[in-house]
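Participant: For the protein sequence lines, the chains are X and Y, in the order given.
Here the numbering used here is used: position 402 in the first sequence is 402, and no number is missing along the way.
Here the numbering used here is used: position 8 in the second sequence is 1008, and no number is missing along the way.
Don't read these hints as lab results, they were simulated from the structure.
Heads up, the beta-carbon is just placed ideally off N, CA and C, and yes, glycines get one too.
Honestly, I wouldn't trust all of these hints.
Cβ-Cβ distance ranges computed for the label pairs, FRET-style [said to hold, decoys possible]:
hint : chain 1 : residue 1 : chain 2 : residue 2 : range
1    : X       : Ser659    : Y       : Thr1104   : 39 to 45 angstroms
2    : Y       : Asp1058   : X       : Ser659    : 31 to 37 angstroms
3    : Y       : Asn1028   : X       : Asp795    : 32 to 38 angstroms
4    : Y       : Glu1092   : X       : Asn766    : 54 to 60 angstroms
5    : Y       : Glu1096   : X       : Asp795    : 39 to 45 angstroms
6    : X       : Met693    : Y       : Tyr1095   : 32 to 38 angstroms
7    : X       : Lys662    : Y       : Glu1096   : 27 to 33 angstroms
8    : Y       : Leu1119   : X       : Met871    : 44 to 50 angstroms
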Amino acid sequence: MSELGLLLISVLYLLGLFLIAFYSENRLNRLTNNGWVYALSLMVYCTAWTFYGSVGKASTDGISFLSIYIGPLLTVPFWWIVLRKIVRVTKTMRISSIADFISLRYGKHNGLGSIVAIACLLAIIPYISLQLKAISNSITLIQGEGNFNSSLIIAIILVLFAVLFGARNVDANQRKNGLINAIAFESIIKLVAFVFVGVVVVYVLNSGITNLYAKAGVAFSDLSIFSFGDEMDYSDWFFTTLISAFAFFLLPRQFQVASVEASDEKHILTAMRIVPVYLLVINIFVIPIALAGYLLENSGDPDFLVLSLPLIGQFKLVTILAYIGGFSAATSMILVSTTALSTMLSNYVFLPFLLRSRKEDAVQKTNYQSTLLLWRRISIVIIITLSFLYFKFFTGIESLVSIGLVSFAGVAQLAPAFFGGLFWKKPNQKAASRSIVVGLSIWFIMLVLPNLLGHLEIVIGSAPVDLAESTSEYISKQIGLSHLSSAILLSLGSNFGVFTWQSFAHKQNAKELNQAELFVDIYNYSESFDSSVAWRGKAFFLDIKSLLAQFLGNERTERALERYAKRNGISFENDSEADSKLVSYAERVLTGIIGPASARIMISRVVQEEEIRISDVLDMLQESQEVIALNKELRSKSRQLEKATKSLKAANEKLQEYSDLKNEFLYTVTHELRTPITSIRAMAEIVQDMPDMEAHEKEEFISQIINESERMTKLIGNVLDLEKFESGSQLLEKNELDLKSLVNEEAMALKPLIGEKNIVLSVEINSALASVYADVERIRQVLNNLISNAIKYCDQKNGKISITAYNKDDSVKVNISNNGPGIAQEDLKNIFDKFYQIKNQTKRKPQGHGLGLAICKNIIEMHKGKISVEMLNDNVRFSFSLPRYIKSE
Amino acid sequence: MFKKVLIVDDEPNIVMSLEFLLRKNKFNVFIARNGTEALDLLEKEMPDLILLDIMMPDVDGYEICRQVKQKPSLVNTKVVFLSAKSKTSDIEKGYELGADLYLTKPFSTRNLIKEINRLLE
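With the hints as constraints, model all of the structure from the sequences given.
Facilitator: Below, the structure written as structure tokens:
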């Protein structure tokens, strides 16, 4: 394989990555915005260290390589509590790096942010150089030493990539879709490559896993590969597990993908399922590959067995795939790390310097948009350059794993300040700053300095200071742990100690208290959160606007303010004073761009701030809690009001309905009166106009006139009755009443009519029928009406009417049914309404005038009884029940 | 030849008096006691004039009027509504459907005869 060929493959691969990033940069669709992408991007955790180093570590120290995966795995069950909270804080406060996070938590302290930024830089530069080393070594391994400085060329391309997609937008909190999708893609590539290499090594080179183990068992009686290595004891397991658990959250690249780039909290749930599986799969073939390397003489550097085994086996394509896998693992780490570090470096190292060094006027006029991007890009160049230099001069003999673990131990120093600040309100800025400085110093002295000095010794030929190395050696011997473990124990232990001690030793100032409250109780604020609670001061709207425009440009400033105005339902006037909510909003927007401390400085330039005292903050917090309580009360009051309004409205509608009914009733009454009057008038006129009509005709006409008059009288009587019942002016004369004889009486009274129409009448009355307490005349009216109706409506040829009466519970029930044509279901409901038969329609039901049943209903209900109608076996059955007579009444 | 008049009403006494009145005035009278009967007779007899009630148990008077006005064979048939429905909207609806006259009940028999004669001139 020619040198150029490999370089070409690398460049082509990066070009592919470019395309993916470019394609998905401005698209937010289901493909780019889902839990899988989030989970895969988290797997930027697996670097060249995983891809190459795991096998190397397994070759020398057995299964201890697993500890750096066990750490994160153990945290998975708590992600929904811990990671979601981090994401919520990050998103609501527009945090763009872990330095932002910590500095914001401890009162927007710029110095603290710088400390965090520098700590990350110190820990990560060697780590990035480790990736460059992996790339460089892999190229050398495949093609031998060449003329090209391939790693330099690749470093330059990576700078370009990071500048293009990592430092694309001035708002660092804005999601970098392109980058994240490229990273997710790389996570797939490295997984596929590793598994593929594993399969080839095990099944093609060694004819199966059983075979491989059998061979290994014969070759080595004592396999260190299945035990903890010589130097690795349980304490090492514990400490590496611990720091990798921390590192999974705190490594700048992990914070970047897990929190800054998170787009939906629900994606965490997806990641909780996918990440463990991913970690399991990528580790499955580590031991088999290590074993295969063991079995082969001259397999070379165990750190690169993944590459050398297929190379030795002459599998060209597999070798290239392995190379691409390692390359993707390395590049993904470099890209995300530089992106994250550059934001920190420009916001915490260059920017504060820039802002302070300029005169007030100059600051007011500068357009920061381009300056900021420029500095972020410069930072990227600086970071990769530093890493490259570190790789050229300081990495040599250490294994991939050891450099990685030193980095982990470095970022783990942020853990007390980070997690302590997230769940505990007490810690203050001093506690955070001092604990990080102490822990970092011990880490530097014990883990970094000896290495640096050792290299310096190689470079300049003599050891300048041997003290650091010998001291740390001495300390670890005294503790009785390995060098790494004792360094972690000492640095993290004193870090934690200082943090706790200082937290109790100092009181928080107002700003710190405010931020502590916001972070720890983020869920209380994040939904309604639109102001940092403790801000006081005066500012003019125009000042705020022009400040924002310096960083966002005019157009985006307009949009941001418009959004704010819309959300809060306000409109801006240019000469007005900005209220504290708007100032806080502006500050948060700026925080996303330049970090909280610088944002604070910028805001303070346009705002005349009042000194806040701690009691004010407490008052305000108290107040805000009261406001929340008040809000709740208001809400419940307004709900009650709404309810009242609703019932009023319903009552009103009911009234309107009654009024309509009344009008309708009047109209219907007059309408009903018109019919008999029409007949009467017509017939009377005829009799008058035609004196020559015959006597019998005249007689007929006159008798009909009398009939119609009677009809009218009856109708008027009914209307008046109904009015009396409905208005309650009709009084009942209630007495003990024997229903049995009353029913019989009524049936007898209508016998002639029944006989005339050949109707079969059956009356079945329970002999023990109880008596009721009722007005006999009214009940007679009801019975008469119901039986007359039955006669009227029953079958005209074979009419059948059946009357039954019996005791039921505490009442007496009477049923009157007939075999008439029946009543439609929708009419059954309304049949007791007065004039229902003609209401709202142009069709008339035969006979009657529509008041009888309404009157019956009124009478029965006045007796506290019930009346109903139903279709029963094709018969129409009217029933009413009356309460039994009780003696004492 | 006597003119044909169709009475459509379900109120017996009204039918009786109208029939008597018209016969005495030399009209050929047909009687329908509901909408269905009315539609049958319209087909068969093609009356010159219909006295039409609106509220009937089956097909209402409006519907009958609409059908009459749609049939080419009944183009010369006059429609007179005799209805207790006295709201302006009811009357307007009747005229919109093409009625020649809308009289509300109760009506004067003298006036009715006069109007019928005028319509059938």
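Participant: Each hint: holds or not?
Facilitator: Okay, the hints, checked on the actual structure:
no.	hint	result
1	X/Ser659 / Y/Thr1104: 39 to 45 angstroms	25 angstroms, violated
2	Y/Asp1058 / X/Ser659: 31 to 37 angstroms	33 angstroms, holds
3	Y/Asn1028 / X/Asp795: 32 to 38 angstroms	36 angstroms, holds
4	Y/Glu1092 / X/Asn766: 54 to 60 angstroms	58 angstroms, holds
5	Y/Glu1096 / X/Asp795: 39 to 45 angstroms	41 angstroms, holds
6	X/Met693 / Y/Tyr1095: 32 to 38 angstroms	35 angstroms, holds
7	X/Lys662 / Y/Glu1096: 27 to 33 angstroms	29 angstroms, holds
8	Y/Leu1119 / X/Met871: 44 to 50 angstroms	47 angstroms, holds
Figure legend: structure checked against the earlier numbered hints; the only hint not met is number 1.
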